[in-house]
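Colleague: Keeping the supplied structure of chain A fixed, place chain B upon it in accordance with the hints.
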Amino acid sequence: MRRLTIARRGTQGLGLLFGLFGVTGIGMTHILFPGLHCYACPLAVTVCPIGLMQNLIVFGTPPYFWLGTIVAYGLLAGRGFCGWFCPFGTLNDLLSFRKVRISKSLSFGKFAVLLATIGAAWYFTDTIFCKLCPAASIEASIPYLFLGVAKVNQPFLIHMGTLAGTLVGMVLVSRFWCRYLCPMGGLLALFNRVSFLHLHLDADRCTGCGACAARCPMGLEPHVEHDDHNCIKCGECVDACHLGALSLRYGFRRRT
Amino acid sequence: MSARAVRSLVLPAVLVVLSLCAVAQEPILAFSVEPDPITILVGGRSEVRVVVENRSAFEADDVEIVWDDPAVVPALDPAPIESLDPFATDAIRLVLEASPDAVEGARTARFEVVYTYCVGDVCYQIVEALGLGIAVEAAADPTVIEDVRPTDSVEVGERATPFPWPWVGLGVAFIAVGCALFVARRAGRRAAAALMLVLAGALAYGVARNQHEQAQGIGAVLCTSCVGIEEARSVHDARLSPAAIDALRSLDVDVELSVFYAEWCHSCPYAEAMVERAAEVTDRIAYTFVDVEIDPALAAERGVIRSGRTVVPAIVRAGSDEVLFGVEDLERRLLDLLGVGR
Chain A
0 MRRLTIARRG TQGLGLLFGL FGVTGIGMTH ILFPGLHCYA CPLAVTVCPI
50 GLMQNLIVFG TPPYFWLGTI VAYGLLAGRG FCGWFCPFGT LNDLLSFRKV
100 RISKSLSFGK FAVLLATIGA AWYFTDTIFC KLCPAASIEA SIPYLFLGVA
150 KVNQPFLIHM GTLAGTLVGM VLVSRFWCRY LCPMGGLLAL FNRVSFLHLH
200 LDADRCTGCG ACAARCPMGL EPHVEHDDHN CIKCGECVDA CHLGALSLRY
250 GFRRRT
Chain B
0 MSARAVRSLV LPAVLVVLSL CAVAQEPILA FSVEPDPITI LVGGRSEVRV
50 VVENRSAFEA DDVEIVWDDP AVVPALDPAP IESLDPFATD AIRLVLEASP
100 DAVEGARTAR FEVVYTYCVG DVCYQIVEAL GLGIAVEAAA DPTVIEDVRP
150 TDSVEVGERA TPFPWPWVGL GVAFIAVGCA LFVARRAGRR AAAALMLVLA
200 GALAYGVARN QHEQAQGIGA VLCTSCVGIE EARSVHDARL SPAAIDALRS
250 LDVDVELSVF YAEWCHSCPY AEAMVERAAE VTDRIAYTFV DVEIDPALAA
300 ERGVIRSGRT VVPAIVRAGS DEVLFGVEDL ERRLLDLLGV GR
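Residue numbers (numbering that gives the first Met the number 0), protein chains in the order written: chain A, 0 to 255; chain B, 0 to 341.
Pulled out of the complex, with its shape left as it was, chain A reads as follows (with noise of 0.2 Å):
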């Protein structure tokens, strides 16, 4: 039964809805998009945090707003929104074809990438990582192309470099991007201990059989490492447990 991976299609979709609201007509709002979504698409609605994050570094202005506002994603559901909400966590999804095991060391590739960020737009007073963002290019680069505003030059090439890259890892290891660098699920990823949302193992049931491990997108074995920061709770493992040894849970942690 993947009652939870159906859930997942259906709020995933919301995801996107979402970051495309602006077709309905609607400015841009004060809310920040709790995934990756360049705030300069034509129809978003919502301001990317990573974003406003650098913008915010290039203009000197102390980040409560931001900071406020991430806390409480982090709070809510952590890295819960990548694997719920997030529409290139989608799009990483639906190219998911090799579930292969993470690499431990690899994982903490997105937090060099958040820090190489933070980094950049100090030294060079620029959002520098907006230029290499992947999500930037299927979202921004290429709608201005046709709406006449961006041009087949050498920063649109370098956008559909990365994004090339990131496609080919993406089919060649499943969620490739959210695994090893994307900045936001970095960011999300530092909350994913005490998030609300969290997946409960009932070590009473787990007789360690593996085929949670073998359905996990995001290489983890979530029958020994259930509270790992690189899980985004996207509830695989939970309807690949015969055993229902595990479980998505809301709420304070009651601790085993």
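By construction, these hints were calculated from the structure, which means they are not laboratory data. Keep in mind the model is a prediction, meaning the values are calculated, not measured. In this text, a Cβ means the ideal position worked out from N, Cα and C, and glycines have one as well. Check before you lean on any hint, since a few could be wrong.
[What the hints assert, rightly or not] Some chain B residues judged to face chain A by a derived CB distance under 8 Å, without partners named:
| # | residue |
| --- | --- |
| 1 | Met195 |
| 2 | Gly205 |
| 3 | Arg208 |
| 4 | Gln210 |
| 5 | Gln215 |
| 6 | Asp294 |
Modeller: For chain B alone, coordinates are given in the frame of chain A:
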């Protein structure tokens, strides 16, 4: 308390500390006038200092005062501050003189502080309007400041920029809560509760400072070079080719251009400078600069919007529907817009 719970606190704490470290001081220059108000006797002089604090992480240049009060005027041209280092404080000495026929009474004299602020290759000229309370009194015993000499800017000791208590307070409070939880039990709940306090405080303070509006403003405006739609161009590259100058000289109709910009847009100063260069060649060109964040309605009216997003820089010719977005190949496109292209 388990090691896992400790780890769960350390990472958010690192986030807060990184965020606090990443941000610079509040922009840009802060001003105070000492003393304020002042008293000047009719026909006499009085001295004030305009103290300038650089609260940013970048240098400010050519800080100068433009005085705008006819009755009380500077007796000497105030010496500008040529360069003000990040987080430094300096002052401009201002000797004011009331003319013999100055009207007695209290007034607020208006003046402006003009300075240049560069972030990377992009420079802005910023104007801050200030006021100074002046009481002009009868000259029973005129006090004249003798031996007033032109002076360079006056060093104001080592007074530092006001310490950023709110930021540090936020970070320290968060870390203190984290440390308290280190020795507490059931850290999962407590960590979540502490984070809820942090987020509520940060959100409330951020909204009180209008940061949600700032976020919306940044999201609503697309700066073409900021997301890699085109390369940023520096204002220093704003030059017209000899062929373009010849073409502009052949312009035989009056043209009005509007340059739409945002303060934080990297390529906008280049677009503005190119229009200025063109206007220097021929007096047929009149131009205005429009900040899209101040006047979004005009931007919408003039078509500087693509699918809901205001795009800057953009140049619009009055009476034409065509909009030049961005700065790529701007010289050629500008000549085409003016009707003098090849």
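Colleague: Any hints this thing doesn't respect? Which numbers, in order?
Modeller: The structure breaks only hint 6.
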